[in-house]
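Undergrad: What follows is each chain in one-letter form.
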Amino acid sequence: MLMTIWSVVRLIIFMLIVPMCMGQLFKFILKKELRTLGITFVLGFFIYSGIIQIISILCILTVASKPNAFETCFKGCLLAVLLFAVAGCFRFDKNMLKKPDIKSLSTDTRIFYGIFFALVIFQMVMAVSTRIFDGDNSFYVTQSIIAQKTGAMYTVDPNKGGIIPVDGRHALAAIPMWIAFIAKAAGVHSTIVTYTVWPVLIIPLVYFIFHEIAKVLFADNTAMIPIFMIMVNMLMIFGNVSIYTPATFFLMRTWQGKSMLTSIAFPAILLIFLWMFKETGGEEKTLSQKASFWGLLTLVNMFSGMCSEMGVMFGAGLVALLTLVLLYSSKRMTVLLGAFCSVIPNLVYVVLYKLM
Amino acid sequence: MYGIFRECWVDLKRYGGLENGSLWMIFWLLLLISSIYLIVKESDVRKKIVFGAMPFVVVAGFLFPVTKKLFVKLAGIESANTYYRILWIIPMYVTIAYAFTKFIASLNSAVKKYVAACVSALIIAVTGSYVYANEYVYKAENIYHLPQNVIDICDRIKPTEDEGTVKAAFTPELVYFVRQYDPNILMPYGRDYVDHKYYTGVLKLMQEEEMKTQELLYYTRADLDRYIIFPTDKKLDEDITIFDVKLVDTIDGYNIYEDTLISENREKERENYVNTRQNMYE
Chain A
0 MLMTIWSVVR LIIFMLIVPM CMGQLFKFIL KKELRTLGIT FVLGFFIYSG
50 IIQIISILCI LTVASKPNAF ETCFKGCLLA VLLFAVAGCF RFDKNMLKKP
100 DIKSLSTDTR IFYGIFFALV IFQMVMAVST RIFDGDNSFY VTQSIIAQKT
150 GAMYTVDPNK GGIIPVDGRH ALAAIPMWIA FIAKAAGVHS TIVTYTVWPV
200 LIIPLVYFIF HEIAKVLFAD NTAMIPIFMI MVNMLMIFGN VSIYTPATFF
250 LMRTWQGKSM LTSIAFPAIL LIFLWMFKET GGEEKTLSQK ASFWGLLTLV
300 NMFSGMCSEM GVMFGAGLVA LLTLVLLYSS KRMTVLLGAF CSVIPNLVYV
350 VLYKLM
Chain B
0 MYGIFRECWV DLKRYGGLEN GSLWMIFWLL LLISSIYLIV KESDVRKKIV
50 FGAMPFVVVA GFLFPVTKKL FVKLAGIESA NTYYRILWII PMYVTIAYAF
100 TKFIASLNSA VKKYVAACVS ALIIAVTGSY VYANEYVYKA ENIYHLPQNV
150 IDICDRIKPT EDEGTVKAAF TPELVYFVRQ YDPNILMPYG RDYVDHKYYT
200 GVLKLMQEEE MKTQELLYYT RADLDRYIIF PTDKKLDEDI TIFDVKLVDT
250 IDGYNIYEDT LISENREKER ENYVNTRQNM YE
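Those protein sequence lines, which keep their order, are chains A and B. For the first sequence, counting from 1, position 319 maps to 318 in numbering that gives the first Met the number 0; every step adds exactly one. For the second sequence, counting from 1, position 61 maps to 60 in numbering that gives the first Met the number 0; every step adds exactly one.
This is chain A alone, in the form it adopts within the complex (with noise of 0.2 angstroms):
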C-alpha cells in the first residue's frame, strides 16, 4: 500500500509538479500577460518533453547498441529534468495561484462552464474506464515497456523480440521514452503509465490549449467561451466518423505521438499564431517581445517531431501557411525570420532522418 501511495507521489511529481516547475524557470520568455498557471505549465511541458527528446536522440546515436542504453539515457534525463525543476522551484510566483474570479461569472455562463467540465472529467473516466484496442499499441507501448525492463532502446523487436538495428523512422519520435522515463521515475509499468495515468495530463491539456483559442477568439464577448468549448468536446466526443480524424486519434490513440501531434502541437501552434495576431498593429514590439512567440513556436516544433516523423514535415507546413497569413497582416518581412528560426528543429530533424 505505502509503495502505491509512493508510486503515486512519483507520479505526480514527474508529469505536474516537474512541468510547472520548469515553466516556472522560464516563463521569462512569455509575455507578462501570459504567465498563468496554465500556460505556464503548458511552457513547462515543452520544454521537459525538449529535454528528455534532446537526451533519447543522443542516446539513440551513441549508446543504442550498448545493453542498458536506456539507464543511461535515463539517469541523463533524470539529471537535467531534476535540475531544472529543483531551479523553477525557488522562481514559483506564488501570484498564479490566485483562485478564478467565478463570481464576475453570469449564472448562464457558470452553468455552461459546468458542462464543459463535466463533458471533460466524463472523457477522462472513460479513459481510464476502458480499454481501447489499437494494432499500433504493440509497437508503441512495447518500447516503452522494453526500455524500462531491459534497457533496450529501440533496439528490441517490440513485436516478436530478438536484435533490431535501429530504425530512425520510429526511434526519433521519442515520446515511447519519455513515458519510459515517467514510469521508471515513478516505479510503475509503463503499460500502466501509458493507458491509464498518461490520458489523465494529455485530456485536459489538450482542452486547456483549445480554451486559450477560445480566450484569443472570443476575447470581446467571455461568455461564448464555455460555449465554444462545448462544442470542441461534442465534436472530440463525437469525431469517430472515420478512424483517421483527429478526434479518433485523440480519444483511442491518447498515448501515441501521433495523436499528440494533432490534439497538442498544431492546437498550440494556431495559439501561438492567433496570440501573434494580436499582436500585431499596435506600437511596435521589443525584439524580446517579438522572440517570445516564434521561441514558444521553436518548442513546439521540437515537439511536433518528437511525436512523429510527419509532425516535422506537417509542423512546418502549417507554420508556412500561418505565417503567410501573419506577413500579410503585418507587414513585416521579419516574421520570415523568425519562422525560419522556429522551424530549424524542423530541420535538424530533416538531417536525422537522412543521417539514420
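Hints were generated in silico from the structure; no laboratory data involved. Be aware that a few hints might be false.
Claimed, not checked - Each pair of labels, with its calculated beta carbon distance range:
(1) LYS98/A with VAL9/B: 50 to 60 angstroms
(2) GLU263/B with GLY316/A: 53 to 63 angstroms
(3) SER105/B with ARG90/A: 37 to 47 angstroms
Note that CB positions come from ideal geometry on N, CA and C, so glycine has one too.
Place chain B on chain A using the hints.
TA: For chain B alone, kept in the frame of chain A given last:
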C-alpha cells in the same frame, strides 16, 4: 494524374467516413458551411483567412495530384497510406466550433441562444459518431488495460530471473498484448505478422481450422518455443500430449502446453525431431 486525383478523392471520402455510406459528405459539409459562414461574417481578415480560406486551400492542395507525388517522394512509398494526415493541419474543430458559437452569439435573445446551442450540439452528435461506441472500445478489466486472460497466461509462463526470457507461441488474437505486459516473453511471430499477413509456419497453422500437430511442433521446436497457447476448442489432428508435451494449465478458454523437450533441455531429441521432419515442412 487523374488516377492520383481519384485516389486522393477516395482518401478524402474515407477521412469523412466513407464506410458509413454517404455520411462522409456531412462531415465535410459541416466544415464547408462553417468556413463559408466565417468568410461572410468574420470581420477580422486574418481569422477569415485562417478559418475561412485555409481549409479550402489545404483540401485543394490535398486533392492536387502533384502534392501526393511530392509527399510520396519525400516520405517514401511505405508512407503513402498516411497521406490523409495532411488534412490534420486544417483547424477543423476550431473552425466548426467557432462558426457555430459565432452564430449563437449573433442571436439577440438569451432563449434563442440556448436553443441554438442545444441544436448545434445535437447536430454534431447526430451527424458524428460516438467514439466510445466504437467496436474496439471495451471495458477495462485491469489497470494495465490489457485483456485479463493475457495477463493471467503471462503470469503463468513468465520466466524466472535466472531464465531471463522464455519463448511461447500464442494464438494470433493474443499476440498484440503479450509483450506489452512482459517483454521477456518472446514469440515466433507478433502483431506485424498477423496484421500484414507475413508468412510464418506457426501462424499459418494457428489460423487453420484444424492444426497438424506434428507440423506445429516442428515449427515451435525449431524456434525453441517452450510454451504453446491456443483455444481449448481448437482442433488438432493428433493428441499433442503424446509428443512429449504436457498441458500445464487452462486459463479462460486457452490451453497452455509446455514442451518438455525444451523445458527439460532434451536438446538431442528436439534436434532429432526437427531434423527428421525438415524436408517435409520446409
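Undergrad: Go through the numbered hints given earlier and state which of them the structure violates, listing their numbers in rising order.
TA: Of the numbered hints given earlier, the structure breaks none, since each of them holds.
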